[in-house]
Amino acid sequence: MNESPRPGNGEATMKSMTAPRLVLLAIFVLSGCGGGSDAPETIANKPTPNPPPAKAVPANPAGVNREKPSAPARPPRPKPQTKPGKGETPEPPPPNAFMVGGKEPNFSLVSADGPREEDLFAVVTPAPAQNPAAMTIVPPRREATRVEPNRAFQLPEGFDPLPEHGYNANGIPLRIGCRKDGAVLALVPAGVFIQGTDNGPDYAKPAHPVYLDAFYIDVTEVTLEQYRKFQQERTPRPSTPLNVDDPDVYPATGITWRDALFYAKWAGRELPTEAEWEKAARGSESFRYPWGDDRVIWSRKRTLTDVTAVKSFPSDRSVYGVYDMAGNAREWCQDWYADDAYQQAREKDGTAVRNWEGPSRASKSSHRVVKGNGPGWNLWERSSLSMGDAVPGVGFRCVLRVSVPEPAEAEAADQPVRDPAVPPQTPPRQPPAGGQPRPRNRGF
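UniProt numbering numbers the first residue of the sequence shown as 1 and each following residue consecutively.
Okay, derived cross-link-like pairs now, EDC-like style, lysine to aspartate or glutamate, Cα gap no bigger than 20 Å in a straight line:
| # | residue 1 | residue 2 |
| --- | --- | --- |
| 1 | Lys229 | Asp245 |
| 2 | Lys180 | Asp248 |
| 3 | Lys311 | Glu225 |
| 4 | Lys205 | Glu285 |
| 5 | Lys205 | Asp293 |
| 6 | Lys205 | Glu381 |
| 7 | Lys229 | Asp248 |
Hint data in this document are derived by calculation from the structure and do not stem from the laboratory.
Construct the entire structure; sequences and hints are all you get.
In structure tokens, the structure reads:
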């Protein structure tokens with residue numbers, strides 16, 4: 001007889017069978033589905049796949065540089081100059097900047113007769129059609145200087161060389177002194193320069209070449225101190241300058257042409273011709289101003305009517321070391337005045353006229369040429385006054401004309417004394433090209 005199972009026994013049997021199965025299931029899960037004896041791999045131990053091979057780059061053809069050139073380094077930009085704000089102190093200028101304007105310059109001038117001629121140069125501005133930012137620096141003509149004077153050159157009595165100023169290549173002193181009035185004179189060598197202008201008023205046209213023999217000219221205008229000595233020694237006593245109350249170092253002004261001529265004769269000199277005056281001021285390069293062709297820059301305020309102590313403006317100095325040719329006193333010249341004097345001076349064939357002394361008569365009765373202190377400070381400016389008039393602001397300076405030996409004569413003077421029994425072998429000297437110098441016009 002079959003017995004039906006008891007309910008209690010069946011549940012116990014199921015529980016006893018389920019427990020082992022759960023243990024086996026846990027072991028199966030922990031062991032994995034693949035079986036085998038190898039330990040299971042983790043994600044961290046997975047090998048990294050190899051990257052795909054790089055594409056091949058074609059070879060660089062010969063002679064072709066495929067490298068990109070590096071850009072040039074840019075210079076640092078300067079800081080923009082800004083005006084200082086209220087209460088701020090402006091930045092000082094660079095230590096090497098020359099401050100010309102203002103109340104006081106930031107430099108001092110050395111007390112001397114002037115810089116050496118070999119240290120001078122001219123700055124020439126370009127023509128209007130050229131680059132306005134360009135300029136040309138013209139150095140002086142450098143000549144070898146001699147230590148010893150030329151024995152063939154003799155100064156007139158009453159004049160002495162000043163060796164401290166040197167000699168030119170021919171042994172001619174660059175400066176001489178006059179014993180009579182203590183004046184210092186500068187050498188203006190022989191040669192050609194251009195007088196007048198083609199771009200100015202009609203009375204200063206045309207520009208034309210002039211040849212002048214060598215001469216010396218006063219470095220400054222005749223001063224009141226020098227003129228007073230002349231008054232004391234001259235009989236009858238000359239007229240008194242109109243600026244008699246000015247200091248001794250001021251030019252004597254308000255002098256008639258006749259008294260200026262008498263002074264020159266008393267001192268062993270003469271009044272300059274207009275050509276001599278202009279060459280001493282403009283130089284062989286025929287500059288517009290004594291310092292060159294550049295614009296006027298004075299160290300302090302200056303007007304055309306100002307008359308100051310001589311050498312008050314160091315920049316108003318020609319290449320020969322002559323002062324106050326652009327400004328200060330206007331100056332008498334020897335020539336008669338004519339509006340067309342420069343047209344008369346021009347030679348028909350264009351050659352240089354030699355030692356031109358002006359027209360034979362004046363276009364205005366008794367008028368003589370007056371130079372300097374003209375409009376715009378231009379050295380070609382010219383005017384006239386009656387020779388008997390004493391006009392404020394009109395003074396003068398003097399010249400000494402000399403005979404400079406030819407180079408052959410200078411060499412002969414330096415040679416040992418020749419035996420008088422042996423005749424000289426040097427050929428006779430030929431007259432200079434262009435004819436003999438014209439006689440000086442000293443008429444009243």
